[in-house]
Structure formats: structure tokens, C-alpha cells
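Undergrad: Residue numbers (the numbering used here), protein chains in the order written: chain Z, 1 to 113; chain S, 1 to 119.
Quick caveat, the hints were computed from the structure, so don't treat them as lab data.
Note that the structure is a prediction, hence the values are computed from the model and not measured.
Distance ranges between label pairs, derived from CB positions:
id	chain 1	residue 1	chain 2	residue 2	range
1	Z	58	S	84	34 to 40 Å
2	Z	67	S	78	38 to 44 Å
3	Z	72	S	81	39 to 45 Å
4	Z	8	S	54	37 to 43 Å
5	Z	53	S	119	49 to 55 Å
6	S	61	Z	28	21 to 27 Å
7	S	97	Z	60	18 to 24 Å
8	Z	15	S	31	40 to 46 Å
9	S	18	Z	17	45 to 51 Å
10	S	31	Z	97	17 to 23 Å
Glycine is no exception: its CB is placed at the ideal position from the N, C-alpha and C atoms.
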Amino acid sequence: SAVISQKPSRDICQRGTSLTIQCQVDSQVTMMFWYRQQPGQSLTLIATANQGSEATYESGFVIDKFPISRPNLTFSTLTVSNMSPEDSSIYLCSVEAGAAEQFFGPGTRLTVL
Amino acid sequence: AQKITQTQPGMFVQEKEAVTLDCTYDTSDPSYGLFWYKQPSSGEMIFLIYQGSYDQQNATEGRYSLNFQKARKSANLVISASQLGDSAMYFCAMREGGNSGGSNYKLTFGKGTLLTVNP
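Chain Z extracted, bound-state conformation (with noise of 0.2 Å):
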């Protein structure tokens, strides 16, 4: 199994500003993925992050918005940037640890005034 930490856990940030949730995985791991669940929904992939290489965004999800960056095989950062009430989510981020098991983080819990 994997063990996957995320910072902050929770934040409340005012409309037009930007957070950076990072993510740390105890293990080298090649892809992390980061999700968002908005209030009373499933969950949603933004990007795949591979190291060394450009994220790969999900449909309705920008880089400009939501940059990722992955410098190592261990962590990865997600920024929501110029947020809005709308980004008010759980933002999880997530490995595969094996083919048959992928963990999530604990998740960082934004909300945006």
C-alpha cells in the first residue's frame, strides 16, 4: 500500500486568490492523479501528472486554472488559481499502487468565500 499525506487539509481563502495543495507519497510512484468532489458529488479526474512531463487535463479543466507540477517521484502540487465560490471542494490526490489498488490522500477541504 502507499501512504499519501496532502497539505493543507482544509483552507477557507477569498474569492480571486490562489492555493497550492501539495501532495506526498511515501513510495516512488509513476503517475498521481488529482480529483475534486464539489459538495454532495462523485468524484472528478482534473489531471494525470507524470514526472518530468506535462499534466494531462481532463475535459472542462485548464492548466491555467488548475497548474499541476510534479518535480519529483514522490509529490506533486495542484493550484486552483483566481478561485471563485464554484472551486468549493475536496481536492484528492491519488496513486496506484499496484495493479490492483489505488489510494487517495486524505484530502484537502477548500472553501472559498
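Fit chain S to the given chain Z structure using the hints.
TA: Relative to chain Z, chain S alone:
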């Protein structure tokens, strides 16, 4: 069309009884994996169980078992001997093209089922 369908928005079960949470999926890929996660009110996603499309037997993990009916494209989660701590949101998810770890690790999630265990 939805790839993962969970038709039960909410379910109730008495403590110590078994409960089945439904999940159907839609894919034309012969290689896929099915996952179940538990999400308590804290928001974390807890991995419960996995079933690969080529697995011959139903997956089991402790009190969790997966009733995999490939022809019907269903992957229901069975929780035996329910406990109060099982009260949570449960999500079914699918990964296509990666039965044994392939190039596409993306998970597609259903809308979830809120399980409440009554004492």
C-alpha cells in the same frame, strides 16, 4: 451514457445484518478493473476491494465481498455483519484498459450510495 451506475442513493441496514450495494458498469473494453471505496464524513477515500475483469473468482476482503456478474456487467458490494462504523458514502469506480496495470489508470466513479447502519 453513464459508465458507472449506482441506483441506490441511500440504504439502511440493521447492525449485524448483511447489506448489498448495487453497481452496474458500461464498457466495451475487455480489460478493466472495478473498485469500491468508502468515504466517511471526514472526506477521505478508503479503498475496500478490487475485481479485475479476468478474475475467475469474486474478490473478498474481510467483511467485504464483491458479487461480480460479468455478463450482467454488475459488481455489487456485499458487507456482512454490518457495524455502526460502516455508516458512510460508498463509491463504485472503474478503470478501463488496465486490468493488470496498463497505460490508463484513470478511475470513473459512480454517484455513490449513502449507507446508514442502525443500532
